[in-house]
Amino acid sequence: MSRYVETLPEIRWPEAPKSSYDVVIVGGGGHGLSTAYYLATRHGITSVAVLEADYIASGNTGRNTTIIRANYGIPEAIRFYQHSLEMYQALENETGAEILHQTKGIFWVAHTEMAMRTERARALMNTACGAKTVMVSPLELKELVPQVDLTGGGRYPVLGASHHLEGATARHDRVAWAYAAGASQRGVHVLEHTPVTGLVRDGDRVVGVETPDGPIAAGVVLSAVGGRVTRMAAHAGVRLPVRTHPLHAFVTNDYAQGFGSILASTELACYVSQTERGQMLIGAEFDSQPSYSRQSSFAALRSYSYKITRLLPFLRDLRILRTWAGICDISADYSPIMGATGVDGFLVTTGWGTWGFKAIPAGGEGMAELIATGRPSALIAPFSLDRFRNDHVLADQGSAGTR
Amino acid sequence: MLWLDCPRCGRRPLEEFTFGGERRPTPDGLTDPADRDFDEVWIFENPDGVTTERWFHAAGCRRWLTVRRDTSVDVVVEVR
Numbered sequence: 156m157s158r159y160v161e162t163l164p165e166i167r168w169p170e171a172p173k174s175s176y177d178v179v180i181v182g183g184g185g186h187g188l189s190t191a192y193y194l195a196t197r198h199g200i201t202s203v204a205v206l207e208a209d210y211i212a213s214g215n216t217g218r219n220t221t222i223i224r225a226n227y228g229i230p231e232a233i234r235f236y237q238h239s240l241e242m243y244q245a246l247e248n249e250t251g252a253e254i255l256h257q258t259k260g261i262f263w264v265a266h267t268e269m270a271m272r273t274e275r276a277r278a279l280m281n282t283a284c285g286a287k288t289v290m291v292s293p294l295e296l297k298e299l300v301p302q303v304d305l306t307g308g309g310r311y312p313v314l315g316a317s318h319h320l321e322g323a324t325a326r327h328d329r330v331a332w333a334y335a336a337g338a339s340q341r342g343v344h345v346l347e348h349t350p351v352t353g354l355v356r357d358g359d360r361v362v363g364v365e366t367p368d369g370p371i372a373a374g375v376v377l378s379a380v381g382g383r384v385t386r387m388a389a390h391a392g393v394r395l396p397v398r399t400h401p402l403h404a405f406v407t408n409d410y411a412q413g414f415g416s417i418l419a420s421t422e423l424a425c426y427v428s429q430t431e432r433g434q435m436l437i438g439a440e441f442d443s444q445p446s447y448s449r450q451s452s453f454a455a456l457r458s459y460s461y462k463i464t465r466l467l468p469f470l471r472d473l474r475i476l477r478t479w480a481g482i483c484d485i486s487a488d489y490s491p492i493m494g495a496t497g498v499d500g501f502l503v504t505t506g507w508g509t510w511g512f513k514a515i516p517a518g519g520e521g522m523a524e525l526i527a528t529g530r531p532s533a534l535i536a537p538f539s540l541d542r543f544r545n546d547h548v549l550a551d552q553g554s555a556g557t558r
Numbered sequence: 075m076l077w078l079d080c081p082r083c084g085r086r087p088l089e090e091f092t093f094g095g096e097r098r099p100t101p102d103g104l105t106d107p108a109d110r111d112f113d114e115v116w117i118f119e120n121p122d123g124v125t126t127e128r129w130f131h132a133a134g135c136r137r138w139l140t141v142r143r144d145t146s147v148d149v150v151v152e153v154r
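Chains W and R are the protein sequences, given in the same order. So in this note's numbering, spot 388 of the first sequence is number 543, and the numbers just go up one at a time. So in this note's numbering, spot 35 of the second sequence is number 109, and the numbers just go up one at a time.
Hint data in this document are derived by calculation from the structure and do not stem from the laboratory. For glycine and all other residues, C-beta sits at the position ideal for the given N, C-alpha and C. Nothing false has been slipped in among the hints.
Just the calculated beta-carbon pair ranges, DEER-fashion: (1) 138/R / 546/W: 26 to 32 Å; (2) 87/R / 478/W: 18 to 24 Å; (3) 357/W / 151/R: 37 to 43 Å; (4) 163/W / 110/R: 50 to 56 Å; (5) 146/R / 475/W: 23 to 29 Å; (6) 360/W / 115/R: 27 to 33 Å.
Make the full structure from the sequences, and use the hints.
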C-alpha cells in the first residue's frame, strides 16, 4: 500500500491561468494530458494549458473498463493501437509513475461459425500487422480460464476464441495522474474547474478560448473533450460525424479465487476482467439511443448480468457493488477522429467512443507531433476528419466491443 | 428511460423498440449539393437537449414512431 502511495507523482498546480499560451488543450482527460506531456517532453513546447471543467480524469478516462488491446480488424487501427499498447508497456519507465499495468491476455470468444470466421480473420490480420493474436480451441480456453462455461448456459456455446496475448489493463486515474504530473513538472499548466464556454475567433481563425474568468489566447486550440465535443466543435462552426451514447459498467464484490485474463464476447457484446482490488469489472455495449445522461440504468445492469453469467456462471454468486456510466463519442465509422478540422487554429481528437483509454499514449504522441510539426504522423494520418469527405472511412465496428 | 408510450400498443418496455436514428433537417445555410449530401450522410446534430428521432416498435405493432426526447436527461417529451 505504501508503494502505491509513494509512487503517486506530484502534480504542480498553477496559481492562476496566464492570459496566453502557445497551445490550449480543452479537456483534462487522458488524451488532453498525454498530448500536453508529449508536447513538453518530445517537442519542448511548455507554454501549454490543459483546461478541465471538472477534476482531471473525471470524464471517460476515469469511467472506462481500462482494457488495453490492439486486436482490431483493419490495418490502420491495428498498427495504431499496437503502438499504443507498446507505449503502455513502457509507460512506467518513461514517467516514473506506477500505473499498475498488467499484461493479462484477452479472449474474444465466438458462439457461431460466422463469429469464428471473423475471429480467424482477426487473428490473421493482427499477425500481419504486428499484433499478437492466435486462435484457441474450446478445450484450450477451458484450461486457461477454468471458470468459463463452454456451453454458454446452453444458449451461447463456445466454439473457440481468439487470444490476444498482449492484452492488458492499467489503473486509469493513475495514467491520467502520471501524464498530468510529468507535464506539470515541465511547466505545463493543468487547470481544474476551468470550463471552456466558447472559442475566441478572429475571422475564420480560432485564437483562444472563453472561460468564466475571461478569455485565454492560444496559438492552437485542441479539443480533447469527451462527451460534449459536438457543442465544442459548434463554437468553431465545425460539424462532426459524432453521436454521444451512454455506456454502463459495474463492479462486483471481491472474487477471492482470482481471474487472470480478460474475457469478452463480441456477439454478447460484453467483457469482464478483475481489478487490482479483486472486484469483477463488467462492461458491455453502449445504449442504442444517444444521451448525455450519466445515470446508470437498471435495464443495462439486467441485460449485462444476464449475458455475462451465461459465460461465467460463478458471477451469479457475486453482488453488484457499484455502477456508473460514461458518455461516449461514437464516430460514424467507429474509429477515432484526430487532426485538423478545416478551421485554422482548431484541432480535434475525438470520436474515442468505447476505445479511448487504450489509445491515450499513441493518441497524445500523435497529436503532440501534429501540433509541433504541423504534419500528422503516418500512424494518425488515416484518422483525419476529412476521411469522411474523401470516402476513406475506417469502418471497424466489429472491433469496438459493440454491435 | 425504460418505457415508451406507443400510440397503438400503450406503455411498453423499451426493449421492444429499435432506435432508428435522429431526424434532422440539413441546414439551409448549406447550398453546395456535395456539402448537403455529405451533411445528410455523415453528420449528427447530436444535441444536448430535446431532439426528434424515429423508433420502430419491433416487438409490437411494427410501426415507426416519431419521438421527441430530451437527451440531457434521457426522458421522452412527446410520442407521435
